[in-house]
Amino acid sequence: MSVPGSSFSRRLAAIAITVGALVLAGCGGDSTDTSTSKPSKITIAAVQGNEDAALKAIAPLYQQQKGIQIEIVEFPYDQLFEKLVTTFQANAASYDLVMMDDPWMPKFGTGGWLTPLDSTFGFQRDPDIPSIVYDVGTWPPPHGAVPPAAKGQEAHLLGITIVGNVEMFMYRKDLSDAPGSWDDVLANAKKFNKGNMAGYVVRGKATNPVVADFLPILWSFGGDVFDDNWNPVIDSAESLRAVEFLVKDLKSVAEQGAENVDAADRSRLMAIGQAYQSTVWPGEITEIVENESVSKVGGKVGYTPIPSGPSGKGFGMMGNWLLGIPKASKNGQAAADFIKWLTSPEVQRQYVAKGGIPSRLSLLNDPALNEQNPYFAALAKSLEAGPNWRPRTDQWNAVETILGTNLNAALAGQVTAQEAVQKSAAQIKDTMSQAGYYG
Amino acid sequence: MADPIAHPVGPARPAPAPARAGRREASERRLSLLLLWPVLGVIFAVAAYPFALAVRQSLSAQTGEFVGLDNYARALQNPLLYDALEATGVYALLVLPTEIGLGLGLALLVHRMIRSTAVKAVIFVLAVVPLVVPPVAVGVIARLFYAPGYGVINQVLMRVGVIDHEIGFLSNPVLAMLSVASVDVWQWTAFVYLVLFAGLQTVPRETTEAARVDGAGGWALFRHIEFHYLRPLFVLILFFRMADVLRVFDHVFILTGGGPGSSTLLLSLYLYRIEFKFFDDGQAAALAVTVLVVVSVLYSLVIRVLPVEKG
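For the record, the sequence lines run as chains D and A.
Going letter by letter, the first sequence gives residues 1 to 439 in my numbering.
Going letter by letter, the second sequence gives residues 1001 to 1311 in my numbering.
So here's chain D without its partners, still in its complex pose (with noise of 0.2 Å):
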């Protein structure tokens, strides 16, 4: 049977017509306004792994308790920041609440992406918690070099910490005493490398993972990525120095491989009992560590603040995780109710049973707390002695990916250590260069 020409122009027209009809239904959306009702889910964007454990553990429990539901969107680590600043880029309510490394404060705190929690929702420093846990989380940083775009600016809390997590250090305990020194901790290492077990754990990683490493190193042997007017001094003296320490001497007693080594196998060399010690981070030590179902060591390791270098002191380096309220979030009270829930002392020991990594002093030394998680009292030192943290300029993941890169060739032997601090140097003051630091 033949179709006459107009019927069938009449039909596919129709068809177009009906398909555009349901395209643009399907497009309009629910344009309810949430913001002055209380919502029925908030959303949170979160770091996959060991950081959301817990959040993740306890958020069924603020929906029995509040009646909202808690939507945990994760990503790996990377992924998260690329997501969160294209996100923020678009100003996209997609999230009411968002999980951020420290160091993203500085990127996130310039773009002006983040809602004030001080002054808009009445956020209040709390005592039991350390001041630089609030400082971290606060934009511009009340103190040390600030990126000239934020001079002069209002400083305001940004976000709060929830998983406390400070560098420090692991070696093995059963076998030896506490290093007090990185001299006591190459000493070690060359007393214990030998067999199947590695004197020193070098996670050698390129990029965020050896600069992670490397840090601590660095400050304690007095050396900087930055002076106070963000000129790099990765190449004076004692950075050098510092930088020789890790790829020659440590790396000298450091398991094979080192240079494509991260957290993960860092843990779990210690775990299976091929490695005597390291710089480590809480996480690791929950997860892994001190894991029994995992571990063959859980008991045998011991926990201090990181060990003193040429300079005097040890410097732990601060890895908060924070949750920040996006300016386009729709439930801004709301994301700000959890936060003040999450944080607060009942449920922050709740939160500790269930893996959580405080910041609060009064359960850090807690002394029966001490006894399920034998980090807390390193913990507790460390932050009390004032961890560094990572510049805050809002170039940090272009200079740190420098940094890692020239460390991690340094240690592959592609190059000298010289010629890793100097290549950084160089690159560092270009990149800065070009983001408007020197006027």
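Calculated from the structure, these hints are not laboratory results.
The beta carbon of each residue, even a glycine, is placed where N, CA and C say it ideally should be.
Hints may contain errors.
What the hints assert, rightly or not - Per label pair, the in silico range of CB-to-CB distance:
{"hint": "1", "chain 1": "D", "residue 1": "Gln64", "chain 2": "A", "residue 2": "Leu1034", "range": "54 to 62 Å"}
{"hint": "2", "chain 1": "D", "residue 1": "Ser40", "chain 2": "A", "residue 2": "Val1295", "range": "46 to 54 Å"}
{"hint": "3", "chain 1": "A", "residue 1": "Val1140", "chain 2": "D", "residue 2": "Ser433", "range": "48 to 56 Å"}
As the list claims (entries may be wrong) - If you only want the chain A side, here are some residues facing chain D, beta carbon under 10 Å, derived:
{"hint": "4", "residue": "Tyr1049"}
{"hint": "5", "residue": "Gln1062"}
{"hint": "6", "residue": "Phe1066"}
{"hint": "7", "residue": "Ser1263"}
Said to hold, decoys possible - In silico SDA-like links for lysine to any residue, alpha-carbon gap of 25 Å or less:
{"hint": "8", "chain 1": "D", "residue 1": "Lys429", "chain 2": "A", "residue 2": "Tyr1272"}
{"hint": "9", "chain 1": "D", "residue 1": "Lys429", "chain 2": "A", "residue 2": "Phe1279"}
{"hint": "10", "chain 1": "D", "residue 1": "Lys327", "chain 2": "A", "residue 2": "Phe1278"}
{"hint": "11", "chain 1": "D", "residue 1": "Lys381", "chain 2": "D", "residue 2": "Gln124"}
{"hint": "12", "chain 1": "D", "residue 1": "Lys191", "chain 2": "A", "residue 2": "Val1174"}
{"hint": "13", "chain 1": "D", "residue 1": "Lys429", "chain 2": "A", "residue 2": "Val1160"}
{"hint": "14", "chain 1": "D", "residue 1": "Lys190", "chain 2": "A", "residue 2": "Ile1167"}
{"hint": "15", "chain 1": "D", "residue 1": "Lys190", "chain 2": "A", "residue 2": "Ile1254"}
{"hint": "16", "chain 1": "D", "residue 1": "Lys194", "chain 2": "A", "residue 2": "Phe1278"}
{"hint": "17", "chain 1": "D", "residue 1": "Lys194", "chain 2": "A", "residue 2": "Val1160"}
{"hint": "18", "chain 1": "D", "residue 1": "Lys300", "chain 2": "A", "residue 2": "Tyr1150"}
{"hint": "19", "chain 1": "D", "residue 1": "Lys251", "chain 2": "A", "residue 2": "Ile1167"}
{"hint": "20", "chain 1": "D", "residue 1": "Lys423", "chain 2": "A", "residue 2": "Thr1063"}
{"hint": "21", "chain 1": "D", "residue 1": "Lys83", "chain 2": "D", "residue 2": "Lys66"}
{"hint": "22", "chain 1": "D", "residue 1": "Lys423", "chain 2": "A", "residue 2": "Glu1275"}
{"hint": "23", "chain 1": "D", "residue 1": "Lys151", "chain 2": "A", "residue 2": "Thr1063"}
{"hint": "24", "chain 1": "D", "residue 1": "Lys429", "chain 2": "A", "residue 2": "Phe1276"}
{"hint": "25", "chain 1": "D", "residue 1": "Lys83", "chain 2": "A", "residue 2": "Gln1062"}
{"hint": "26", "chain 1": "D", "residue 1": "Lys194", "chain 2": "A", "residue 2": "Asn1172"}
{"hint": "27", "chain 1": "D", "residue 1": "Lys296", "chain 2": "A", "residue 2": "Leu1144"}
{"hint": "28", "chain 1": "D", "residue 1": "Lys83", "chain 2": "A", "residue 2": "Ile1167"}
{"hint": "29", "chain 1": "D", "residue 1": "Lys83", "chain 2": "A", "residue 2": "Phe1276"}
{"hint": "30", "chain 1": "D", "residue 1": "Lys251", "chain 2": "A", "residue 2": "Ile1254"}
{"hint": "31", "chain 1": "D", "residue 1": "Lys251", "chain 2": "A", "residue 2": "Val1174"}
{"hint": "32", "chain 1": "D", "residue 1": "Lys194", "chain 2": "A", "residue 2": "Ile1163"}
We have chain D already, so just place chain A on it with the hints.
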């Protein structure tokens, strides 16, 4: 009513009035154009508009201010770009010939030696498996093989006494490149095999049988008959695989993150670093536009130079 399309001309039918036919033709043309708009709109939305935005971004500073070709100059002056190009070139030289050689060998082997349809079907399924595994999963699995400390290869070699110290598959610059390339070869040789095996099915049986009767050996058969049928497919494979080499990201990111140093920092990882680590939108856009233009020119040259059709 009679169908004017089925019977366009015929002495038995009176011709339609010219004015009526003209109106219908115009109406159908209008409808055709109307229906074409959504397609054109989609093409504009997914290709032309983003490209135009990329070009605009490549000519702008972070503040949106017009900066001419500054971003292009900065991109080309960055020494890391040349490290990335070198790494990408080495990677391509490692994976493309290996995959084509292995894929061709396997295709010829199965085509000539396997007679059972069931066995061929099993091989087909096995060949499809690597292609459908997500690249991220491939990277994670490969890391279990190559990782320092617990990598399966090192553990097996040490257990059987071949080595007493771990081999730094991912920490030695040369071995790291070979390791990431091996993962590509594992995943994509199957694609080459499938394409070439399909091509071999188009070679007329009587031609090959005649050649065999005339005394042609395996190599002569391939060189003088089968190769001519496969030639367009080699070009197709080169096209797809070259594009893939420029896009490869996941398993390299998981295995080495571009290291040690920048020895496996392929072009895609370098672009990612400029955009998502440095957040240098202008330089990233300039690089993307440059890569697009260079690749387009290269591809058009390949089309002109390579004899796609026999003769």
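Here is what the structure says about each hint:
For glutamine 64 of chain D and leucine 1034 of chain A, the Cβ-Cβ distance of about 56 Å falls inside the hinted range of 54 to 62 Å, so the restraint holds. The hint said 46 to 54 Å for the Cβ distance between serine 40 of chain D and valine 1295 of chain A, and at roughly 49 Å that hint holds. Take valine 1140 of chain A and serine 433 of chain D: their Cβ atoms lie about 39 Å apart, and the range 48 to 56 Å is violated. Contact between tyrosine 1049 of chain A and chain D, as hinted, is not supported at the beta carbon level, the nearest pair being about 16 Å apart and thus beyond 10 Å.
For glutamine 1062 of chain A, the interface hint holds, the least distance from its beta-carbon to any beta-carbon of chain D being 9 Å, beneath 10 Å. Below 10 Å, beta-carbon pairs count as interface contacts, and phenylalanine 1066 of chain A has none with chain D, the closest being about 17 Å; its hint is therefore violated. Because the smallest distance between the Cβ of serine 1263 of chain A and any Cβ of chain D comes to about 7 Å, under 10 Å, the interface hint for this residue holds. About 21 Å separates the Cα atoms of lysine 429 of chain D and tyrosine 1272 of chain A, which keeps this hinted pair within 25 Å; it holds.
Of the pairs offered as hints, the one joining lysine 429 of chain D and phenylalanine 1279 of chain A holds, with about 16 Å between alpha carbons and a cut-off of 25 Å not exceeded. Distance check on the hinted pair: lysine 327 of chain D and phenylalanine 1278 of chain A sit about 24 Å apart at the alpha-carbon level, within 25 Å; holds. Proximity of lysine 381 of chain D to glutamine 124 of chain D is assessed by CA-CA distance (about 23 Å); at most 25 Å being required, the pair is judged to hold. Distance check on the hinted pair: lysine 191 of chain D and valine 1174 of chain A sit about 32 Å apart at the alpha-carbon level, beyond 25 Å; violated.
For the hint linking lysine 429 of chain D to valine 1160 of chain A, the alpha-carbon distance of about 51 Å lies beyond 25 Å, and the restraint is violated. Only pairs whose Cα atoms come within 25 Å are accepted, and lysine 190 of chain D paired with isoleucine 1167 of chain A is accepted, the gap being roughly 22 Å. Distance restraint check for lysine 190 of chain D and isoleucine 1254 of chain A: the Cα-Cα separation of roughly 32 Å exceeds the 25 Å cut-off, and the hinted pair is therefore not satisfied. Of the pairs offered as hints, the one joining lysine 194 of chain D and phenylalanine 1278 of chain A is violated, with about 41 Å between alpha carbons and a cut-off of 25 Å exceeded.
Simply put, lysine 194 of chain D and valine 1160 of chain A have alpha-carbon atoms about 21 Å apart, close enough for the 25 Å limit, and the pair holds. This hinted pair checks out: lysine 300 of chain D and tyrosine 1150 of chain A have alpha carbons roughly 22 Å apart, not beyond 25 Å. Only pairs whose Cα atoms come within 25 Å are accepted, and lysine 251 of chain D paired with isoleucine 1167 of chain A is accepted, the gap being roughly 16 Å. Taking the CA atoms of lysine 423 of chain D and threonine 1063 of chain A, the gap is near 28 Å; set against the 25 Å cutoff, the hint is violated.
Straight-line distance between C-alpha atoms of lysine 83 of chain D and lysine 66 of chain D comes to about 29 Å, which puts the hinted pair past the 25 Å bound. A hinted pair counts as satisfied when its Cα atoms are at most 25 Å apart, and lysine 423 of chain D with glutamate 1275 of chain A qualifies at roughly 21 Å. Restraint check for lysine 151 of chain D and threonine 1063 of chain A: satisfied, since their Cα atoms lie roughly 19 Å apart, inside the 25 Å limit. Of the pairs offered as hints, the one joining lysine 429 of chain D and phenylalanine 1276 of chain A holds, with about 19 Å between alpha carbons and a cut-off of 25 Å not exceeded.
Restraint check for lysine 83 of chain D and glutamine 1062 of chain A: the C-alpha separation of about 19 Å stays at or below 25 Å, so the hint holds. Of the supplied pair hints, the one linking lysine 194 of chain D and asparagine 1172 of chain A holds, its CA atoms being roughly 22 Å apart against a limit of 25 Å. With a C-alpha separation of about 21 Å, the suggested pair lysine 296 of chain D and leucine 1144 of chain A falls inside the 25 Å cut-off, and the hint holds. The straight-line distance between the Cα atoms of lysine 83 of chain D and isoleucine 1167 of chain A is roughly 36 Å, outside the 25 Å bound, and the hint therefore fails.
Of the pairs offered as hints, the one joining lysine 83 of chain D and phenylalanine 1276 of chain A holds, with about 10 Å between alpha carbons and a cut-off of 25 Å not exceeded. Simply put, lysine 251 of chain D and isoleucine 1254 of chain A have alpha-carbon atoms about 23 Å apart, close enough for the 25 Å limit, and the pair holds. For a cut-off of 25 Å, the pair hint linking lysine 251 of chain D to valine 1174 of chain A stands: about 20 Å separates their Cα positions. Distance check on the hinted pair: lysine 194 of chain D and isoleucine 1163 of chain A sit about 17 Å apart at the alpha-carbon level, within 25 Å; holds.
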